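Here the structure of chain A is known, so what remains is to put chain B with the ligands in place on it, guided by the hints.
Chains as they are written, first to last, in the working numbering: chain A, 1 to 321; chain B, 1 to 351.
Rather than coming from a laboratory, the hints here were simulated on the basis of the structure.
Quick caveat: nothing in here was measured; it's all calculated off a predicted structure.
Certain hints may be false.
To be verified - Listed next, the in silico SDA-like pairs over lysine to any residue satisfying Cα-Cα at most 20 Å (straight line):
| no. | chain 1 | residue 1 | chain 2 | residue 2 |
| --- | --- | --- | --- | --- |
| 1 | B | K269 | A | R38 |
| 2 | A | K123 | B | G60 |
| 3 | A | K194 | A | S240 |
| 4 | B | K202 | A | A50 |
| 5 | B | K343 | A | F263 |
| 6 | B | K244 | B | L2 |
| 7 | B | K343 | A | R38 |
| 8 | B | K236 | B | M13 |
| 9 | B | K212 | B | M13 |
| 10 | B | K212 | B | G169 |
| 11 | A | K123 | B | K244 |
If you want the building blocks of each chain, they are given just below.
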Amino acid sequence: MMMNMVQAINSALAMEMERDPSVVVLGEDVGVDGGVFRVTEGLVDKYGEARVIDTPLAESGITGMAIGMAFNGLRPVAEIQFMGFSYLTLNQMINHAARMRNRTRGRITVPMVLRMPYGAGVKALEHHSESTEALYAQIPGLKVIVPSTPLEAKGLLTSAIRDPDPVIFLEPTRSYRMLKEEVPDGEYLVPLGKARTVQEGDDVTVVGWGAMIPLIQRAVANLQASVEIIDLRTISPMDSETVVESVKRTGRAVVVHEAPRSFGPGAEIASRIYEGAILKLEAPVERVTAPDITVPLSKGEDHYYVNEQMIRDGIERTLRF
Amino acid sequence: MLTDEFDPMKGEMLRVMDEEGNVDPSLMPKLSDDVLLKAYRNMLLTRMADDKAVKLQRQGRLGAYPPSKGQEASQLGPAMALKEGDWLVWAFREMGALLWKGAPLQTLYLYWMGNELGNVYPDGARITPAVVPVGSQIPHAVGIAYASKLRGEKDVTLAYFGDGATSEGEFHEGLNFAGVFHTPNVFVCQNNQFAISTRREKQSASASLAQKAIAYGFPGILVDGNDVLAMYAAAKEAVDRARKGKGPTLIESFTYRMSDHTTSDDWRKYRSKEEVAEWERKDPLKRFKAYLIAQSILEDDELLVKEMTEIVEKAAAEAEAVPAPSRSDVFAHTYAEMPPYLKGQLGGGGK
Ligand SMILES: Cc1ncc(C[n+]2csc(CCOP(=O)(O)OP(=O)(O)O)c2C)c(N)n1
Ligand SMILES: [Mg+2]
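With the rest of the complex left out, here is chain B:
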């Protein structure tokens, strides 16, 4: 068990692939070349789609947007461990995970463009909508998992949240419930070192966030979040554990937000260029690409970049072509049945 081998209380961190893309064979998870290539495609698409979103925002074609840059591996690894019937509960910075789980890119763009249809995923996708109130989705994940367990289904619920979210009461309440009810949950804390301007050290005096699991009575593991193989390996073990009825796991992904908190933010106010450059060296895409090339799984990604550019442009155009909600759209879903006075307001009667 990786959770036995890597003790968060001792600061031990799981890493399969180093910064140059060299892999420790004893830790390498079982993944076919096809899946490895698909993983790289996802990370590249996420990087490029993210960049496009920022550009669209700058042109006034998309609203405030929280970039994923630097967290592609951290997002993707856990999602790769899911089966179709498993649930994905996200916060707002997990584009890569959603794309893997089957959310169309144009739908994700649509949400950030300010259209409620951006919360509508393909039928049966088992993805909850974006959650802006930090940490509030964590208890939902426990409830979803409880419902699966109650019906004797083997589905697992994976929840993402940030380092900042661990300070909210709902993090404590959610993880405590998961421990008590022994629910099939995997919690992934994307520790990107910041909550807006607030550094991880100011968020919690705990040496690691992974170690918080111990207090809730289940395993926690600290993982190099820029190593997609390690993120997958830790999550695969956790998902299997949950599916076997052996309870929840907390995974702390140690990563870095390479870009601004959102397009409204300016990271230069609270961190140095040197610090960011240091993490650019650890770029999750670079190291995975180096590994794939060394293994002859990938030759070069020039063609892929071209292909992804087309996908991104097409998705952006499709999202922009969706009409804004009509007046009746914004009224229609307030209740299952519209109260008479609301019909009056919709009609513009003003009463």
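Chain A extracted, bound-state conformation:
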């Protein structure tokens, strides 16, 4: 069926709830309202209020409760309404979810998913445009996933729900309804921890994820150079092999992310490229990112958000080096 990303995520949730009675969905307004983005639309009618749980307004409570559910045999998929409100979950995610496996030497584990819309580019309200994936990616024990298309979203979320470890699943708000594509109605899995080569090329490797992928595709569409595009999909644990192997062939790399530059995922990716491919590099790794400032309110957002020209300029700089 043709689906946008919202529908594809909904389809993954419905499939998994159907297949496995231990899967539960919880969060603010996920029931009657179907979620503020309608991602959980219809689930409460099919699976009931006991499995599609409208919670009180408390992110730490939602996350802590999901962790407890996971201790005791459930597979919770918790929704945080926006990434900007997920900082209230950090205590639970970092001090409990991420380390329970290690603390109990594998006896107690936390197979849960924490889903949330993230990212800018939609001129939203304050705190609704964050892109702080690096906060989570630095925590050992957490997996961090960002889908870039509807099909990818369905496959990655299904794998995330079945994964034995806690997964942070970041849904690019900008991509929710941007594009429709054919998504299988039935089961569809994309393995976690494996990057995807979106487009092959010989001159330069461009690495991105989430809402940056369609932007990169548009940016390079009319370039002379032959560009390889890699969708990282999993920020952590990162598939550096795919990236490094590609850069070994092209000799040039550009990393694109919408998060601020400093201490962003781009720094980690660049580091891994230097470690794995330094002798093949023809140019320093280029980073195309947001500046190191607070996300401006909507009127100033264009000063912040990565655009096609910035991506082309970054590619140009590496090619000319």
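For chain B with the ligands alone, kept in the frame of chain A given last:
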């Protein structure tokens, strides 16, 4: 003391004016005709400015916006009890309170239009900026009040938040601190019966939200939030108590969000037309107007409506005329002093 007379544990609710605008004289707070009229002007302006904001949003001239409709009395009553030096700590649905405290309407529009200058109030206004992360402003109010107390100043800090906010940890932490440090705070919970689609009954199993105060060691009172006189009376007592060094109060305003949660929401998904119509009958403006007319304080509000329309149109035009922030504006205030690499990024060097 109203807080002794109306016990939230027994479900007792303070109401001065009924739905037809009849006032119980024994509960009527002392307010001059001038102030009463000014209060009505504020409520009317809030209603009309709110309606304009929704229209601007529909035309793509303003971003997502949380309407105030139905909560004008609930917002205004407490603000009326403040003096100039008192602090107002708001969430995001308190337009009426801000207008009363001296925030210009064009500034409020500017915030929802997506310009940081919308957080800049006139010097000395003692209003903190809008707070979107629900409930997170509550501990700030306690800190502000603590600072006043430490310096021996008599200023009171009034904080607003919603029914949904009472579920966040920061509500508990803030009120607990206020109880422990005996700070000059007044907490106003605007219980508009919903947090987006989530009903008040699903937010807390407590019979009232006002009764939560008891656990924190200070008084709580449940008030008819569509009755501006009751909201003022309860707040005046609470503000006076705080100013005298007798500690905080929690006021639960029992009201109703007559419109959508925000312009991105559709209330028909989670409530019936009958329910909304029932609350439209209890409209805070209607009943206050009936009272003012009965008292001959107001004859009719036709002229007022005209005057407010002009104010609203002018404010909207002024807000729209403010230029969008420049690139250097969005960089300049990240730190007091810009680090060298950020200067580079500002210059477009990309490093
Ligand atoms: C910490 C946090 N979680 C979620 C949200 C999304 N959100 C915005 S308003 C709102 C409901 C707030 O309800 P309430 O406190 O009753 O205030 P009201 O909107 O009714 O005025 C929610 C869930 C948020 N802004 N902040
Ligand atoms: Mg509410």
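Subject >> Given hint M13 of chain B paired with K212 of chain B - CA-CA distance at most 20 Å >> reply: Answer holds: K212 of chain B to M13 of chain B is near 15 Å, not above 20 Å.
**OP:** With a cut-off of 20 Å on the C-alpha distance, tell me whether K343 of chain B and F263 of chain A pass.
**Re:** holds (17 Å)
**OP:** Would you check the hint for K123 of chain A and G60 of chain B, treating anything up to 20 Å between C-alpha atoms as holding?
**Re:** holds (11 Å)
Original post:
Can the restraint linking K343 of chain B and R38 of chain A be considered satisfied, given a maximum Cα separation of 20 Å?
Top reply: violated (41 Å)
Subject >> Given hint S240 of chain A paired with K194 of chain A - CA-CA distance at most 20 Å >> reply: holds (9 Å)
**OP:** Could you grab the alpha-carbon distance between K244 of chain B and L2 of chain B and see if it respects the 20 Å cut-off?
**Re:** holds (16 Å)
Original post:
Would the pair K123 of chain A and K244 of chain B pass a check requiring their Cα atoms to be no farther apart than 20 Å?
Top reply: With Cα atoms ~46 Å apart, K123 of chain A and K244 of chain B exceed 20 Å; violated.
Original post:
When you check the alpha-carbon spacing of K236 of chain B and M13 of chain B, does it fall within 20 Å?
Top reply: Given pair K236 of chain B, M13 of chain B holds - Cα atoms ~16 Å apart, limit 20 Å.
**OP:** Would you mind confirming whether the straight-line C-alpha gap from K269 of chain B to R38 of chain A stays at or under 20 Å?
**Re:** holds (11 Å)
Original post:
Does the alpha-carbon distance linking K202 of chain B and A50 of chain A stay inside the 20 Å limit?
Top reply: holds (14 Å)
Original post:
Would the pair K212 of chain B and G169 of chain B pass a check requiring their Cα atoms to be no farther apart than 20 Å?
Top reply: Given pair K212 of chain B, G169 of chain B holds - Cα atoms ~13 Å apart, limit 20 Å.
Checked against the numbered hints above, the structure breaks hints 7, 11 and satisfies the rest.
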